[in-house]
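**Q** Okay, here's what each chain looks like letter by letter:
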Amino acid sequence: GESVGLHLPTLSVQEGDNSIINCAYSNSASDYFIWYKQESGKGPQFIIDIRSNMDKRQGQRVTVLLNKTVKHLSLQIAATQPGDSAVYFCAEMGYSTLTFGKGTMLLVSP
Amino acid sequence: ETGVTQTPRHLVMGMTNKKSLKCEQHLGHNAMYWYKQSAKKPLELMFVYNFKEQTENNSVPSRFSPECPNSSHLFLHLHTLQPEDSALYLCASSQNDYGYTFGSGTRLTVV
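So the sequence lines, in the order shown, correspond to chains A and B.
Under the numbering used here, the residues of the first sequence are numbered 1 to 110, in order.
Under the numbering used here, the residues of the second sequence are numbered 1 to 111, in order.
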């Protein structure tokens, strides 16, 4: 079946750096994408979403970029903080259900 | 709080027990979902309910039995589970496939 995957299982950054988390998707029919953050002991928390008719969307300290040509999604976090340490998932909406990647662990050191 | 509440937060059960997980959403959404999250695996969709009607059963074993009495409540009834069923069970809701919101999950351990 179709799948969503993440390139890096763990990303370690220094506080204040910018972080980039990448995601590849394989379903070219997917038209909606979401990034989630999951902290230990909690459920996934919505960060930002983007529809396929856009290639960039910005939120507070976060930016999602969508490249439909190569089926690639990225999450950029500006001025990363220790509180950003978590697992980040991308998800794609295809055929009315969300499919998730395995997740990337972001570790932020002071 | 996300607007999706799951109880209990933790559950330990024997393989011969029967237990139920509960999910309640206060967002006015029309769809609810059960997901299973195991270590080092992507989130796995188990069941989907739209307007309290089951629209998807993702090849889940019959020892997991969902129930959706109305658009705000979702249950997952468990019986004769196996140790490999130990996982975090997440409930989510959405409105017309958008605004997916998750609860904090039930950490299930089968002994």
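These aren't lab readings, by the way, just hints derived from the structure by calculation.
The model shown is predicted, which means the values in this text are computed figures rather than measured ones.
C-beta: ideal position from N, C-alpha, C; glycine also.
Some hints here could point you the wrong way.
[As the list claims (entries may be wrong)] Far from chain A by the CB rule (all over 12 Å, computed), these chain B residues:
# : residue
1 : M13
2 : G28
3 : V111
[As the list claims (entries may be wrong)] Facing chain B, according to a computed beta carbon distance under 8 Å, are these residues of chain A, among others:
# : residue
4 : I34
5 : K68
6 : V70
7 : G94
8 : T97
[What the hints assert, rightly or not] Under the rule of at most 27 Å between Cα atoms (straight-line distance), these lysine-lysine pairs were calculated in the DSSO-like manner:
#  : chain 1 : residue 1 : chain 2 : residue 2
9  : A       : K102      : B       : K18
10 : A       : K71       : A       : K56
11 : A       : K68       : B       : K18
12 : A       : K102      : A       : K68
13 : B       : K52       : A       : K56
14 : B       : K22       : A       : K68
15 : B       : K22       : B       : K41
16 : B       : K52       : A       : K68
17 : B       : K41       : A       : K71
18 : A       : K102      : A       : K56
19 : B       : K36       : B       : K19
20 : A       : K68       : B       : K19
**Q** May I ask which of the numbered hints given earlier this structure violates, with the numbers listed in increasing order?
**A** The structure breaks hints 5, 6, 7, 9, 11, 13, 14, 16 and 20; every other hint is satisfied.
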